[in-house]
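Residue numbers (this note's numbering), protein chains in the order written: chain A, 1 to 89; chain B, 1 to 89.
Worth flagging that the hints you see were computed from the coordinates, not collected in a lab. You may find that some hints are simply not true.
Copies of the same chain look alike in the list, so a pair counts if it works inside one copy or between any two.
Said to hold, decoys possible - Dumping the calculated BS3-like pairs for lysine-lysine here, alpha-carbon to alpha-carbon at most 27 Å:
no. : residue 1 : residue 2
1   : K12       : K60
2   : K54       : K11
3   : K39       : K12
4   : K52       : K39
Protein chains: 2
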Amino acid sequence: MAEENIIYVGKKPTMNYVLAIVTQFNNNVDHITIKARGKAISKAVDISEITKHKFIQELKYGNIKLETEVVHGDRGDSNVSSIEIILTR
Amino acid sequence: MAEENIIYVGKKPTMNYVLAIVTQFNNNVDHITIKARGKAISKAVDISEITKHKFIQELKYGNIKLETEVVHGDRGDSNVSSIEIILTR
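Next up, chain A with everything else stripped away, as it sits in the complex (with noise of 0.2 Å):
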């Protein structure tokens, strides 16, 4: 129940996503959690309206939760935003 009904965005096309996210709603999952860091949180907003516009109209939004994740890389350690959105049928 717990890992399984992530999905987190990278440096994919959009709608590589809601195809994704499409598919597990047709496999009967009652919500997805779309997560993403940085650039991406952007793309994830897109990914989700897209999902719910024109592919699954009786979505609604869960929780959306705004964060600071610390990264850690080769010049130190850096902070990125994060965000996490439910959508729920």
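Start from chain A and add chain B according to the hints.
Only chain B this time, still in chain A's reference frame:
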């Protein structure tokens, strides 16, 4: 009450918006709405998180709304995602 507490996020540097928000809260405003569209959505989340973590720790998130807006351009209408983040003291 309505219009004055809205910050529209555009192309200016992130810290410009952060300082505008901090200034407003210092003038005894009790909530601020941050609005952004398209790629500026990621910046809006950065602005909210930086304001909350580095400047006014007591801030909390109110409602966070995701929507799709229609933009009328030279080459016809296009859809753009938008975010609305409410920060309250």
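Handout entry: Copy assignment of K54 with K11, given that the CA separation must stay at most 27 Å
Key = Cα proximity of K54 and K11: one copy only (22 Å, versus 29 Å across).
Exercise for the section: First find the shortest C-alpha distance between K52 and K39 inside one copy, then the shortest across copies, and answer within, between, both or neither for a cut-off of 27 Å. Expected result: both (21 Å within a copy, 19 Å between copies)
Exercise for the section: Measure nothing new, just compare the shortest in-copy and cross-copy C-alpha distances for K39 and K12 to 27 Å and report within, between, both or neither. Expected result: both (13 Å within a copy, 16 Å between copies)
Exercise for the section: Indicate which option fits the pair K12, K60 if close means a Cα-Cα distance not exceeding 27 Å: within, between, both or neither. Expected result: within (24 Å within a copy, 33 Å between copies)
When the structure is compared with the earlier hints, no violation turns up for any of them.
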